[in-house]
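Protein sequence lines correspond, in order, to chains A and B. Residues 1 to 478 (my numbering) are what the first sequence spells out, left to right. Residues 479 to 573 (my numbering) are what the second sequence spells out, left to right.
Read the hints as simulated data drawn from the structure, not as lab findings. Bear in mind that the values here come from a model prediction, so they are computed numbers and not experimental data. It is possible that part of the hints are untrue.
Stated by the list, open to error - Only some residues are given here: those of chain B computed to face chain A with a beta carbon under 7 angstroms:
id: 1; residue: H532
id: 2; residue: P535
id: 3; residue: V551
id: 4; residue: E552
Ideal Cβ positions, reconstructed from N, Cα and C, are used throughout, including at glycine.
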Amino acid sequence: MNSRYEVVIGLEVHVQLTTKTKIFCGCSKDFGQSPNSQTCPVCLGLPGALPVLSRQVVDDAIKAGLATNCQIAPHSIFARKNYFYPDLPKGYQISQFELPICEHGWLDIETEDSGKKRLGITRIHMEEDAGKLTHNDGNSSSVDLNRACTPLLEVVSEPDMRSSDEAIAYLKQLHQIVVYLGICDGNLDEGSFRCDANVSIRPWGQEELGTRAELKNLNSFRFIKQAIEYEVERQIDVIDAGEQVVQETRLFDPDAGVSRSMRGKEEAHDYRYFPDPDLLPLEVSEQWVEEVRQKLPELPAIKKLRYQEQFGLPEYDAGVIVAERALAEYFEALVAKHDNPKICANWVMGEVLSALKDSDLTISECPVTPELLAGILFRISDNTISGKIAKTVFTEVWQSGKTADEVIEAKGLKQVTDTGAIEAIIDEIIAANPNQAAEYRGGKEKMMGYFVGQVMKASKGKANPGMANQLLKKKLAE
Amino acid sequence: MKISQTDVEKVARLSRLSLAPEDLETMRGQMDAVLGYVDKLNELDTEGIEPMAHAVPMANAFREDEVKPSIGVERALQNAPASGDECFTVPKVIE
């Protein structure tokens, strides 16, 4: 936090939708096809072609609007945003300008420094993406229009954020929401969730906003944070040097950790928006909005509260589990089988997540299904195995795909609960460690830990730790 | 006279049109006349009337999210002044 300047951040996020087809034509929007193979007169911008809006895109926009507390406009229109660039075949982008489909929303975030805070969402509108430009050696560039006309939602926030942490909290929450809604795959690397940040600073107490710079090319949460922090420092330096911040677009270079001005390209930005005569106005009835509302999944913030109430999970645990929709689904399938939610949560957050991380898998690829994991947890609760042995069983189940019972049987991992057998081990150990036994009897109680360890070791972890403890106490007192 | 020569030059630049100096005055006069004609509409009292984006009283034309065949790379590129590696080729764009 700077003592002299307040930081003001507004964010524009482009969310690429998961529809099968493009926004205004039936071309597939599959990734990785050969260049220009997924094009037609509409997305090539050929004269006389007529764009027709995908109903699914409107549904998705309404979903996003409802999930971010927006008002859904009963009447909205599409506009042409006019500019020339080789990746834009028509010479204009079809977007919404006046009368976007969603307005006046908000998200509640929480950060360490500023606690809970409500951030405004100005608008969400639908638009088409441009094509892809690759620069060749020599004097040419290549244009691939497969991506042209891909459906995007642009989510514009109010300039309500006051630190990079708040910006990241907002972005993470928005990201979580669109992924939960199933309208975006959330892949930042592939550009499915793109962020531009408008950053300015002003002396504390000043009402008027400072001149802002727009940061582009931010494709990871880490880079966004870096880029914002770099920009704040840069603007402070500019002002301290007695100069003025210029309104410009800056491109962040994550390798160098710096941004550079793209001012050359900015000249005369005058998009001359006007209603697109090719597209009819969009009327969204209350009934349509209600139908979409009925289909909304439970959103992460609500789910988190429910986990705390219904399952008695600590806030932290609930937060970790709801972070990803598929993880929450895994957890719920698990608690449907096993009735101790806290143990379920511990295993999901512990063994499951770390094993997934080690093998670079996602939760939907997890070889230990909720059923298999429940099988392991049952054997802990009925004392067949100890929690420690359960971890070995988990690894075996993960690798073999066998059930816990099969693994326990095949490997002979069943816990020893036979008093006689444990006593026999204890007798041997006390006999072999007369000095330690004397120390314990002399009042050094923490030697108990040593003895329990020895018993577990001698039994290859199979002795029931509770019983071992009890029997040791009895034997050492003799 | 509402349209200045500077306005004409700006619109020409935005439209990527290169106008000969002698055309500037002709264009200025024509644009001025067009806007003057449109100005006539401003004489009407439109208080309380919703701006109209479209001339036809229709709304909501949709397509379902169903994939339709594309036209293929060859046909897509058939009118391109230059192409290579299945792409349109354009003069280098300096970032």
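So, going through the hints one by one against the coordinates:
no. : hint : verdict
1   : H532 : 6 angstroms, holds
2   : P535 : 10 angstroms, violated
3   : V551 : 5 angstroms, holds
4   : E552 : 9 angstroms, violated
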